[in-house]
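Colleague: Each chain, written out:
4 protein chains.
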Amino acid sequence: MLKFLTAGESHGPALICIIEGLPAGLKIDVPAIDAELARRQKAPGRGERMRIEQDTVTVLSGLRGGVTLGSPLTMQILNRDYVNWEGSMHPHRPSTGQKVTCPRPGHADYPGMVKYGFDDARNVLERASARETALRTAIGAVARQVLRLKGVEIYSRVSALGQLTFDAVAETPEAYQRAQAHPFSENESQSQAAEELIASCRATGVSVGGVVEIAAFNLPIGLGSYVHADRRLDGRIAGALMSIPAVRGVEIGEAFALAQSPPGAPADSLRYDTERGIYYVGNANAGLAGGMTTGQPLVLRCAVKPLPTLAPAMTVDLATLLPATPVRERSDVTAVPTVAIVAEAVLAWALLTALLEGPARL
Amino acid sequence: MLKFLTAGESHGPALICIIEGLPAGLKIDVPAIDAELARRQKAPGRGERMRIEQDTVTVLSGLRGGVTLGSPLTMQILNRDYVNWEGSMHPHRPSTGQKVTCPRPGHADYPGMVKYGFDDARNVLERASARETALRTAIGAVARQVLRLKGVEIYSRVSALGQLTFDAVAETPEAYQRAQAHPFSENESQSQAAEELIASCRATGVSVGGVVEIAAFNLPIGLGSYVHADRRLDGRIAGALMSIPAVRGVEIGEAFALAQSPPGAPADSLRYDTERGIYYVGNANAGLAGGMTTGQPLVLRCAVKPLPTLAPAMTVDLATLLPATPVRERSDVTAVPTVAIVAEAVLAWALLTALLEGPARL
Amino acid sequence: MLKFLTAGESHGPALICIIEGLPAGLKIDVPAIDAELARRQKAPGRGERMRIEQDTVTVLSGLRGGVTLGSPLTMQILNRDYVNWEGSMHPHRPSTGQKVTCPRPGHADYPGMVKYGFDDARNVLERASARETALRTAIGAVARQVLRLKGVEIYSRVSALGQLTFDAVAETPEAYQRAQAHPFSENESQSQAAEELIASCRATGVSVGGVVEIAAFNLPIGLGSYVHADRRLDGRIAGALMSIPAVRGVEIGEAFALAQSPPGAPADSLRYDTERGIYYVGNANAGLAGGMTTGQPLVLRCAVKPLPTLAPAMTVDLATLLPATPVRERSDVTAVPTVAIVAEAVLAWALLTALLEGPARL
Amino acid sequence: MLKFLTAGESHGPALICIIEGLPAGLKIDVPAIDAELARRQKAPGRGERMRIEQDTVTVLSGLRGGVTLGSPLTMQILNRDYVNWEGSMHPHRPSTGQKVTCPRPGHADYPGMVKYGFDDARNVLERASARETALRTAIGAVARQVLRLKGVEIYSRVSALGQLTFDAVAETPEAYQRAQAHPFSENESQSQAAEELIASCRATGVSVGGVVEIAAFNLPIGLGSYVHADRRLDGRIAGALMSIPAVRGVEIGEAFALAQSPPGAPADSLRYDTERGIYYVGNANAGLAGGMTTGQPLVLRCAVKPLPTLAPAMTVDLATLLPATPVRERSDVTAVPTVAIVAEAVLAWALLTALLEGPARL
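Sequence lines, in order, name chains A, B, C and D. Under numbering that gives the first Met the number 0, think of the first position of the first sequence as 0, with each following residue one higher. Under numbering that gives the first Met the number 0, think of the first position of the second sequence as 0, with each following residue one higher. Under numbering that gives the first Met the number 0, think of the first position of the third sequence as 0, with each following residue one higher. Under numbering that gives the first Met the number 0, think of the first position of the fourth sequence as 0, with each following residue one higher.
Just chain A, with the same shape it has in the complex:
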């Protein structure tokens, strides 16, 4: 069964992941993985650190001459910033870093300190950092290359940035591909409004949320299964997307709007003709029915919250028990465009996992 482990602190020596369960004989294009990492780093709204890191993947195992061996595949991303943090973050030399004793209330800091018994929030925030999504992007980049062999294509776009919404995109790979050529929208004035919003957020030190849309095309029918709760693809995808930091909502199609519509919703039909065989007409299922792909475009949306680092919160200095202002770790103005790219990767992984399950029939 396909699985992975990721590892690495945000300012530690490196990020590392191991993927176990890949079939043998797959050509993997390493520069294409790096290209996904670059997309993630150059997404609008990123903060200063992105000028320091230029993530590239070093493959350490599982690949020979660019082809998978069937053995575990390791990817490593060195943290270039580590040299500046070695005193504080060295794995086994005593830390010379100052303790972070003022947990940020919108983050993992405080529950993490309580859970693990730390008096230094750095012990939490280093791993809770969204930097881990670089690895998930890399893992998804591998998954996507495998899916592409089956014709599957995955795209994303930002569909709302705060109160701004962007023109809808037709459910075709071509339309999404065109949309992806622009950071927000093919519509010039919408795109400009988004960039102005980000600039204004950066100037005033506030963050903005938004909605991302992810779409997958040319999927085989029947990925996932209804036979057991944990094999339903809807649940797996939702779980994976919601585990992306800053994602706080997931819907299949426009589920929340549909839930609040008058009775009698739109419905798909099945039709037959000799040329196409049996096919769905319409996509009210948004590509998922009964926990399985229908073969129609799969469309998902994630609600992304404004980044809590920039929120106007107060905290307590745990060393003194006095009120304090949370330390501001370097941060982005908005995670929305970044999450879009990570969400593509996460979806690719969930789909590949379903694709590589054991046989449905002997």
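It is worth saying that the hints were derived from the structure and are not from the lab. Every value quoted in this text rests on a predicted model; they were computed, and no experiment measured them. Please note: incorrect hints may appear among the correct ones.
No copy labels: a pair is met if it fits in one copy or bridges any two.
Simulated pairs of lysine to any residue, SDA-like, Cα-Cα distance not exceeding 20 Å [said to hold, decoys possible]:
1. Lys26 to Asp166
2. Lys2 to Arg360
3. Lys26 to Arg147
4. Lys2 to Asp229
5. Lys2 to Glu356
6. Lys26 to Pro265
7. Lys98 to Ala323
8. Lys2 to Pro358
9. Lys149 to Gly357
10. Lys98 to Val66
Guided by the hints, dock chains B, C and D onto chain A, whose structure is given.
Modeller: For chains B, C and D alone, kept in the frame of chain A given last:
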């Protein structure tokens, strides 16, 4: 590690589940499990079958004298309707049932037939049926009893039924408990409107969706973890909720609304006083930060779709390849109140799983 | 991924298992499962209880008209003895049974009581009982039917009973099939000696151990894998066999003898001819190399201990802290012939699990 | 739940492992990990490669200032030999290496080629190599440090090398510690005979097997469980030990000898006195009963086969289908002393996994 398997076809002899990993020495109240099953069956909007089934649990293992043994706990719910279906559904005698060859487009039917190579949609729909949620309700009822030993309380309510929305409820157990005494709302006229909507749907043969809200109180801080993607409680909960049939969206707090708000969202603070120690002020986190509980009320919302069985779809008779009208299996008018109860159960399970993980510190 | 859960106390209402992950469309012969249960119950050396139980399986899910649905398959074996134990063992009524306070030192009793905090060893021994192997036999009987579709055959025999050893059997399905027609050996005098040994053990109230040999034929090449420690078939099989109660040793081929031989062991060769293609000559690998099947006969041996119930041990009455004689639960004189049958089943499961893994190559 | 993934080809850039699920706050001594790697490399009987590699671990995550963070712990061992193999083994540059087309019959080579569809056995042997046990040694070294906090000590010794057997060792940590100071035996003449045997094997190019004994002391009672087959510690340990390359047999205590003894085996007793409380007298259980630790010394034995690389086998050149002599990869004369060290590590991991399971009682 806590885990379960469920089994059972909708019109087969029985539904069965096994829970593995429960601690020993826990008092389990079996009638209280049945009470949850009854709540599920009597939820507004249910169809005819509920007059046939009166689900009760038979515990077959794992319990002795009402106390867990630490061994696998089996619960069985007999399908009373099986006597009427034995000819078609007997496990090993040849089936005398007529094949269902007209898959319903909004269901698992067609992708299931393709995936598993069936020419009879009954082979799919029997297991894809939401009847499986009776087991998940029973499993959750067990989990909830264990959580209650730690003071944890879980409630739900319908917050919207189609275009009707119901008054918000304060984030306290008392307020939710009061709200749960009414099928939809303490507000008489809202409740009446909901019942009228359901009656009208039943009369016209259409279905309506809605939104359910689930809330958990008195949670310990630090359930779940940020250390690995698959251990984040947000992802696990979302995955579990989305795997409930008819659920198509999940959000933590009001995530989609927040995502589309102006920059600069509300934020929690941490405060200290000698009496309460360190505590959160506010609940912008909706009880979850960094993939962990904050100890504040955990508030989740699910978008529930109108039931596709009642949708105006066409299909293909796979035996003749001619256009056909999908067979209508007996069905509910709306799944929303039922999903609310199942969602409580599913959440209870996810929380218990997190509670029973290995030690965070030796 | 193929998996199962088993449940049930030895004197509780029933034994139940759920298998998840079976492909759809497989014909399952339920009487053939019962036949395996009967073989297990009628194995030489069994005790009194076997006159009470006549195990038969009731399939409650996952099968329709004798064909797998791809959904979880449930098998239930009612404990006929439960009527005599209901007062003590009822799942939720208060137990009227007398506590077992004198743990048997060779069993799970005492460590189980300490681990789970019990003052009644019955809470342990009911689940720790080898009665659970009835379920594993049933599960293996299903696995074996699936394997047989691929031509795989599994046999076992007792190769030693205490100091008696039985004539070796050629590594062919025919030879094993012939050997299986006799409880111990085709050699009349050896067989008679074994039966006399059992009779003498029964008369004197002692137990005897032995060695069982399990062999699988017509295996495809490449089941299992070297790519990760937990995917090696040797480890999986050894783990499964060693988890059979009374099994205390496992070897592939004659590993312990080989380990203590002069340097320079026998070796297989690979050869090619046009008719057979590439094939192994010899079976020094005993069918397993690099954690994978070689396609040659797979030969395993298990060391089975004498049953500790009949051992001359003293214990402590935990209620009084005084020395005591352990209570003798009804028991068999020797587990060896029974273990042989359970081991076949356990091996079948391990092989099927490997067979149903995801694709090695897309 | 504690888990790990390992990765790395034998002549690839590096070996890497990630451990997930370690508690926070544990002091880890990195040089002590390296010391275990050195023990493994300097074990008698190793081949030439050990002069090239000097394995040391680089910790890349999960540790800060020498203390676990609760996050995934990564260890990397660079393959110094990689510089000599880069042309052949580079992960993504086209390989300039010559294909290995003559699979060695006693290894993973041929079944691996068939399973994964390779025409170059190097694609198999690089990962199937026992070099992976360096990582398992490192993982076990971490586990052992954690266990030591609870007082648990693990030792091993070679108890037989081919036909040579070495004096038994008392079941005490002190006796094992003394024995471990010698490569084979405290008995001078036995030790010398062993070294002469190895020298003679090396001279004549043959390999010898043997038996290793692993013992763990000061274990808590009740690690593992009887409640489900896959939670039995006997099964888990056997599975883990058997997955060490070259291990072909595993027994608890002297199981095979006991199985072939006269009826009526030795038995442990339980006794009580005010000073020690309740305790076992004797260790016929060899530390394991009912799938759980008894708290008595845990004693295991593994049968290790002669290394097949040095076996007199013929093979087929798959490129030409002509008979051929298998290529001899650099190899050891005997794996026995090395396996002893790896087995300690593997046992440490299995014990730690059991120790870190969820609570048996709330």
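Colleague: Hint by hint, say whether it matches the structure.
Modeller: Against the structure, the hints:
In this assembly of identical chains, the alpha carbons of Lys26 and Asp166 never lie at most 20 Å apart, being 37 Å within a copy and 53 Å across copies at closest. Taking the shortest Cα distances, Lys2 and Arg360 sit within 20 Å of each other only across copies (16 Å), while inside one copy they are farther apart (23 Å). For the identical chains of this complex, Lys26 and Arg147 are intra-copy neighbours only, at 11 Å inside a copy versus 36 Å across copies, given an alpha-carbon limit of 20 Å. Proximity of Lys2 and Asp229 under a CA criterion of 20 Å is satisfied in both settings, with 15 Å inside one chain copy and 11 Å between copies.
In this assembly of identical chains, the alpha carbons of Lys2 and Glu356 lie at most 20 Å apart whether taken from the same copy (11 Å) or from different copies (13 Å). Within a single copy, Lys26 and Pro265 get their C-alpha atoms no closer than 42 Å, and across copies no closer than 40 Å, so neither meets the 20 Å cut-off. For the homomeric pair Lys98 and Ala323, the shortest alpha-carbon distance inside one copy (14 Å) is at most 20 Å, but the shortest distance between copies (59 Å) is not. Proximity of Lys2 to Pro358 under the C-alpha cut-off of 20 Å is found in both arrangements, the shortest distances being 18 Å within a copy and 14 Å between copies.
In this homomeric assembly, Lys149 and Gly357 come within 20 Å of each other (Cα to Cα) both inside a single copy, at 17 Å, and across copies, at 16 Å. With identical chains, the CA atoms of Lys98 and Val66 are at most 20 Å apart between copies only, with a shortest distance of 15 Å across copies and 45 Å within one.
Consistency with the previously given hints fails for numbers 1, 6, ordered from lowest to highest.
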